[in-house]
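Visitor: The lines below spell out each chain.
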Amino acid sequence: MNVFWILLLPILGIMAPLLAARLGRSACAWATAVAPFAALVILMQQTNGVFAGQVDAFSMEWIPVLGLNVELHLDGLAYLFALLILGIGLLVILYARYYLSEQDSMPKFYAYLMLFMVAMLGIVLSNNLIQLWFFWELTSISSFLLISFWSHRTDARKGARMALTITGAGGLALLAALLMIGHVTGTYQLDEVLGMSDVVHASGYYPAILVLFLLGAFTKSAQFPFHFWLPHAMAAPTPVSAYLHSATMVKAGIFLMARFFPLLADTDAWFIVVSLTGMATLLVGAYTALFKHDLKGLLAYSTISHLGLITLLLGLGSQLAAIAAVFHVINHAIFKASLFMAAGIIDHESGTRDMRKLNGLFKYMPITATLAMVAAASMAGVPLLNGFLSKEMMFAETLNQYTLGALSWWIPLLATVGGALSVAYSLRFMHDVFFNGEPIGLPKTPHEPPRYMRVPVEVLVVLCLLVGIFPQFVVGDLLNAASSAVLQTRLPEFHLHIWHGFNVPLAMSAVAITVGSMLYIKRRHLFHFQGQFNEMDAKMIFEGLVQRTVRVATAIQNWLDTDSLQRAMFLLLLLALAMVSYPLLSMDSVEGSRPQIPTNWVVTFCTGLLIVSTILTVWWSHRRLRALLALSVVGLVVSIAFAYFSAPDLALTQLSVEVVTILLFLLALFFLPQHSPALDSSLRKIVRDLGIAAMFGSVVGTICYAMLTRPLHSISEFFLANSKSGGGGTNVVNVILVDFRGFDTLGEITVLGIAALGIYKLLARITLAMPTANSDGIPWSKESHPVLLALISQSLLPLALLVSAYIFLRGHNMPGGGFIAGLITAIALIQQYVAHGVEWMKQRMPINYQGLIASGLCIAILSGVGSWFFGHNFLKTWYDYFYLPGIGKFELASAMVFDLGVYLTVIGATLLILANLGKMTTSERLRGGQE
Amino acid sequence: MLATVLLGVAVLVGLALVLNAWRLIIGPTVTDRILALDTMYINCIALIVLLGIYFQTALYYEAALLIAMLGFVSTSALSKYLLRGDIIE
Amino acid sequence: MMTHLPVLPILIPMVIGALMLIPPFNQVNAVQRTLGALASVLMLMISILLLVEVDTSGTHLYAVGEWQPPFGILMVVDRLSAILLVLTSVLTLSVQLFASSGEDGHGRFFQPLLMFQVMGIQGAFLTGDIFNLFVFFEVLLIASYGLLVHGGGKQKTAANVHYVILNLAGSALFLIALGILYGTFGTLNMADMARVAPTIEGGNLTLAKSGALLLVVVFGLKSAMLPLQFWLPKGYSAAPAPVAALFAIMTKVGIYSLWRVHLGIFGPEAGGLADLALPWIWPLAWLTLVVGIISVLASETLRHLAANLVMVSVGSLLLMVATATETATSAGLYYLVHSTLATALIFLVAGLVVNQRGKAEDRLVSARAMPQAALIGTVFFIAALALIGMPPLSGFIGKALMMQATLDAGEAGWIWPPLLISSLAALVMLSRTGSTLFWRTREGKPGTAEVHPLQWAGIAVLLVALLALVVGAGWMSEFSERAAADLFEGIDTSVLAGGVSK
Amino acid sequence: MTVLEWVASFLLVLGGLFVLIGAVGMVKLPDVYTRLHAPTKTTTLGIGCILIASMCLHVAEGRGLSIQEMVISLFLFITAPVSAYMIAKASLHRRVSMLKGTANSELAEKVRDRKAPEQPTTDEQRPAEH
Amino acid sequence: MEFSFALGVGFLAGAGVFLMLRGQTFPVILGLTLLSYAVNLFLFASGRLMIDGAAILGTADAYSDPLPQALVLTAIVIGFAMTAFVIILAIRARTDLGNDQVDGRESSLTNGELLDRKYRKDVKEAKR
Amino acid sequence: MIKRLFPMPLHAVMLTLVWLFLNDFSTGHLVLGLMLSIGICLLVAPMSDDHPKVQKPFKALKYFLMVLWDILLSNFEVAIRVLSPNSSLRPGLVALPLDLEGEFPLAVLASTISLTPGTVSVDFSEDMKWLYVHVLHMKTEDDVIQSIKQRYETPLKEIFSC
Ligand code: NA
Ligand code: NA
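Protein chains in written order, with this note's numbering: chain Z, 41 to 971; chain H, 201 to 289; chain G, 154 to 655; chain D, 301 to 430; chain V, 215 to 342; chain W, 164 to 325.
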């Protein structure tokens, strides 16, 4: 349970700086420090237990399906890292209080920093694979926020993005690895998983797991060749560099490898990949560090190098090497954090980090200089300092491995080279900055920093010395506990002493120090040598890579999507064709067993007429009015077909819709070009389109024929049987529409209503230019309303309305119904618009068509909702027969109310569409002054 | 007998439809085509009425009525389009 | 009233939408907006109520008109539809609030069209009848056509032309498919179709296969499956922000339909029709995801990026559809909810960005600073995390669930790479976009555009929902499992057989 | 067959023939103005005959007198002249030329401008259709 | 009879599809209309063909399948709404984009440019 | 008051009659037809302009029957014209001076002309003083003018008393 508080307190602590923001800078810093300090205290209370091998655990269910639960545990390794995270974290908080300037938003900084602290604690305390990954990604995010803290600076933005991209990619690989581990082991609980190394090793997933896992670890810990993001992360404020990019976050990868050491190590693949990567990183980092003029750059590469060293140790696979690795984690964190802070002080007080300008600072800031030099010496591996001890152990272990078979001696040799390089750059850090003549053109005159800014450095340097001189006393137990957690077995014998006697590792150290000093002294030659090569700017390469990816993607995208409807349509039809016809290929016979209706001449005529007029519609599609005439014939024949094949309702509907459509087309033609070129595409395209059209047509025709000639057992018997008794009507189609499937109809009239609204919208704020003459150049006739047309249309109106009432009322029992009646009414009214014009109608029929739509919809709904009050479901219909003396028996049905809703909606929608378009053009025309 | 007569008359009407369609195709002017279409509407009324007689039902009678109405609307709108461009003004 | 709950999510927006055409509600003003907000809240409450009901007492069936299935139209509320109803309502509330800040006044009928669009979506989620599904598809489409042009402008018109015409072709194909299916099954009720499916044989089987496969094209078009995705980037990026946000669920309707139809009817127990669509969906889904990734990388504006991220989410979901196991479906459902909320959020953010950046709009160029860069940036950051699939937002849960499901199904080898790379691509592009839009500013006085409180409210709704999706992830993922189980089990309409027939 | 049925058959054949003759006229007559005569009269009458036949048969089959057909005829007879009028107007407007030899064909411009025969027409020469 | 019907449906569908692949809005809408005729007939055919069997109870011995007829009715209405919308959209597109191409861009093959240029000028004048 | 509640009574009666035609002659339909007709008349009343009333209904009926007869005859004539060779056609355009006044009577006249032998009304002059008629086969212009004036215009003048 305590472990829970260690995590929770910093989580709460994220809010502290934001809340304390108004109380001043120091208060803000103090407030921030409270939570980690408390957590640290709790952590310290666990010390004895942890050292005794007890594990404090906490677990709570969160997402069992995913295997993600809140599972925490505090063992030696977690303790060690938590100690580093909280301890150095507190020092960084203190340091940052003085580092940040007035312009920087301190609360934001601290909040980000605390977020990061939480993330790191989460990683190290995790006892659940997915949870571990959760916090792992959180470190990437918080690191992004911290690196880009000075977001106005290009290098900060780019550095942050690069770091995020690389570590993010690694994180994804890690997720994959962890999920696979979970899949193989059947659990995501870390302590269970760790005991199942044989299962994992034996599974076929092991290679994939290892590669993906190491990708995650290596990217995070800046291992070669993924190391390049780290130097660019130095655009972050220095406290961030000290905390994230030396002491903690980059160690997350190391932590991960250490954590999973028992599970994944102990194979050749692990040894080769990890140790060689470590070695390469060690050398590349150290070598590059030597040539960096930027103080933080040097430290960054040095960090890379040391991370390589630790990785190398973990890769060696021996237990003692692992112990050495853990030991070096501690030491590096201590000296590197202090070095970064020192560098930050120098930067802060002198205004630059360029070592070519920084010279002889010892005079100006002797205390800081001394502190920095001690830390640097530790980095170089000078005896009596902590760095020396772990380096010694490393040297010893490199002698103890057989990774490369007969060539295994390369490893100690290269390790020594690495050591020498590290001595050289450490020397450079000491000499080039604090001595080496006078400073050149510094923006500020350097001096010692504020008292408390130096405290963190002092603390850390003292630790360097303490660990270096009394290793067993200071870190012996800690190292023990952490190492046993890593190895999950009893530890081999090992001793932490300052002095191991004269042995090969000592000799290697001596060689390294000697060669390193020589290298530094002869650095001019080296710089000259290096100067021949163009400096590789990782950022440029990375950005270039990203940009090239984007360019390639854009090219592919442009190739794929040409923003052409024709192409999209072609693909749609092609896919449809492929998918529909694929099953047909295996059809034995198109014709089925259903008896067919004998044909006759009239039908043949009509079929011929249909086909001819269809072809004409296509043929004339560029002579638009003609195409419209051909289309009308098609519609006419289709209506006749409906009538012939026993569907009078369909015939009526088709006819009325047809006419309204033609009217719409005519309205549209006025504004569209009257003609278009006969050949609108290349001949090849037309042939292609004809091909797909022919195939589509024949497939649809074939399916239609196959369907028509096969018997069908459908649910329709029910409708025929229940139409009269259940729905109260003899027109089964109409009863289906208003009763059995009234819900469809409700949706359908809604569609119509919405379409009218959409059209109204489309016509809003549109400026239409009307042609003053037809396409042949003949100006329009001056007579807007031919007298005979006006007169006859007007006298036909009552008749048409009566007919529509007739069709409406008998719809339930005979062909007809609300929809057709609505269309007839609408057409009759539209005819008045055509014959008399908009003005005339507006004066005589001031109807709000939107209101008509709305009331139609409401009536239809209400007729359905009404049944609720009788305890029935929505749209449950009711009918009954009544008798009135003198009139006789008649029927009343709720379905008729529903149909009335349909009727009104149809009128409203049709008129809103047509009359509105007409109205618009008229007002335009009047404004244009053409009348 | 009546059935034969009906079929014969239907064929006559069908032929008429074809002839009108021919006029629709060859034009030569737009008004010719509109006229042809208008006549085809009327021919279709004949077809529908014959259908009703043949099936001995009054169900198709509204269709005929509607064609009569709608043919008129469509013809007058088409002519209006030729005259004025804008059919509703 | 409780017994009528299943039709209320359709009727409420319909009635309110109709009311908004009648005075005094027919003007864009506080009255209309309040009405809309009330409707949204009411829908949210009802859908949550339904969800709880269904989760405790099982699938609800509602026979409209009291006609016993398969003869009448049946509304089916199972866990799958219930959670999608809740999702739609949340989205509606957010969009409604956001738009009420004034965007609804940039043209007529925004609020009623919004209501009708929601009616269509909810109807599609509720109906248990395949033709009724078509009708609701059309309702939601026609409303979306109207909404897409809201505010006017060339871009919108151009996008709408493509969107409308392609969808009309899609509707035609839908009807052909329905014709084939009715012509072979003789029934329209989905549960009944599932019952009939194993009995179909001979020539009818071939025809039914054609029909079923054609439906894949139809739903594929709605969900922007490759090669039917071309309408998406243009349409979504041209739409006004709240509309684009609402559209985030439109593609999901396609996914839902694939589940309903191709798992529910043509699922493993459909005899000769069993799982016939999967071999087609597999490669297309994979390619959708890959092309989605490429498009994400090629995005030039925030809205394009968001639209392409929709495509990525569609590709991922289609892969789950193709995997067709219970766990994959459940993972997909979680991811569906998450991705809908997250993409909606990013579209709303894009709207704010466009408002505040003046002429530069949301293009990835440096421009004058946004007056409220910090706040908007924070929301953007949250949305970005969700979309990339990074903790602590829900994206990672969905992604991890999907990865687990495909690993269990033995398909990880080729699903994981695009799935993971899509996250990386999103990460690269979102960080690039974010840093350009919010940080790479030119000198000059920032504009004065202010984010309206109602816009914040709309965003807050989504943020809360996303947060709930993380905090309640345990419940949600288990619920998804139950919902997937419902889907695999099918709908039992026999419970209605006795009671409802007239 | 009853007398009524004979009558009906006769009317049907007559109607069919009229319809066909109208169509023949449509194809055969030389210009749009002469073609106008065919549908306005022959075809309309043909339909009239068929409708009356339908009424007769209705009676013959013992289903009583059906007067519904009258409404269709009414419609047709009212609208046919207007359709012809509109088509003629449109043809004149588009300057569709009359058959060579049409008497008074020079009046066409007057009609087009709706002027009285003695009034001068506006002098604008535009391309005619075909 | 069935064959004639299927032939007609096939022709309508093919012609519709061909027109839908054109580059201007007007033929595309024509194509949509043709296709929807085909689709309506096809949907209607799913109930099989029958003559003299209109589903009006009491008028025949056997009735045609009424359900597809109801479905087609719904489809016709919806198709009408959609067609109306797309027609007006075409007008809007020509006004907004200055031409009647579905992609809003002139293609090199169309010589409608002159017309459209004049149209754009007209629009400008009308706005003034 | 009654005028406002029952506008266009004649129309209403005629509509009711048509309603009975459409349905059947029963009390129920009479009541329903009356209700509908009155409703429709109320609706269209604002749209109908005042026209000269038919003053002599009996004459109107006679006129109607005469026209029917003419239609029948004319059709045979046109049929013959159609079937005989085109070269024998003598089409012509005729300007018919009008004595009749009022839009409605003129419309009736124009319609009659269109329906009867070999003539189609083409257009009125703007001042409604001339009706242009296209004749399929014209012997002499005066012939046509005289026969139309006598046979149709004169009775119409009487019917509408103008
Ligand atoms: Na120096
Ligand atoms: Na107009």
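Take these hints with a grain of salt, some might be off.
Stated by the list, open to error - Chain Z is nowhere near these chain H residues, computed Cβ spacing over 10 Å in every case:
no.: 1; residue: 201
no.: 2; residue: 202
no.: 3; residue: 205
no.: 4; residue: 256
Stated by the list, open to error - Here are the simulated PhoX-like pairs of lysine-lysine, each with C-alpha atoms no more than 20 Å apart in a straight line:
no.: 5; chain 1: W; residue 1: 216; chain 2: Z; residue 2: 822
no.: 6; chain 1: Z; residue 1: 484; chain 2: Z; residue 2: 397
no.: 7; chain 1: Z; residue 1: 822; chain 2: D; residue 2: 400
no.: 8; chain 1: W; residue 1: 320; chain 2: W; residue 2: 219
no.: 9; chain 1: W; residue 1: 222; chain 2: W; residue 2: 302
no.: 10; chain 1: W; residue 1: 312; chain 2: W; residue 2: 225
no.: 11; chain 1: D; residue 1: 328; chain 2: D; residue 2: 415
no.: 12; chain 1: Z; residue 1: 822; chain 2: Z; residue 2: 929
no.: 13; chain 1: W; residue 1: 216; chain 2: D; residue 2: 400
no.: 14; chain 1: D; residue 1: 415; chain 2: W; residue 2: 320
no.: 15; chain 1: W; residue 1: 320; chain 2: W; residue 2: 216
Said to hold, decoys possible - Quick look at which bits of chain H chain D covers, simulated, 3 or more residues with Cβ under 8 Å:
no.: 16; stretch: 231-239
no.: 17; stretch: 243-254
no.: 18; stretch: 257-271
no.: 19; stretch: 279-287
Simulated from the structure, these hints should not be mistaken for laboratory data. In this text, a Cβ means the ideal position worked out from N, Cα and C, and glycines have one as well.
Visitor: Each hint needs a verdict: does it hold in this structure or not?
Guide: Hints, one by one, checked against the model:
| no. | hint | in the structure |
| --- | --- | --- |
| 1 | 201 | holds, 17 Å |
| 2 | 202 | holds, 16 Å |
| 3 | 205 | holds, 14 Å |
| 4 | 256 | holds, 14 Å |
| 5 | 216/W x 822/Z | violated, 31 Å |
| 6 | 484/Z x 397/Z | holds, 12 Å |
| 7 | 822/Z x 400/D | violated, 27 Å |
| 8 | 320/W x 219/W | holds, 10 Å |
| 9 | 222/W x 302/W | violated, 30 Å |
| 10 | 312/W x 225/W | holds, 17 Å |
| 11 | 328/D x 415/D | violated, 32 Å |
| 12 | 822/Z x 929/Z | violated, 56 Å |
| 13 | 216/W x 400/D | violated, 43 Å |
| 14 | 415/D x 320/W | violated, 24 Å |
| 15 | 320/W x 216/W | holds, 12 Å |
| 16 | 231-239 | holds (count 7) |
| 17 | 243-254 | holds (count 7) |
| 18 | 257-271 | holds (count 7) |
| 19 | 279-287 | holds (count 4) |
Consistency with the previously given hints fails for numbers 5, 7, 9, 11, 12, 13, 14, ordered from lowest to highest.
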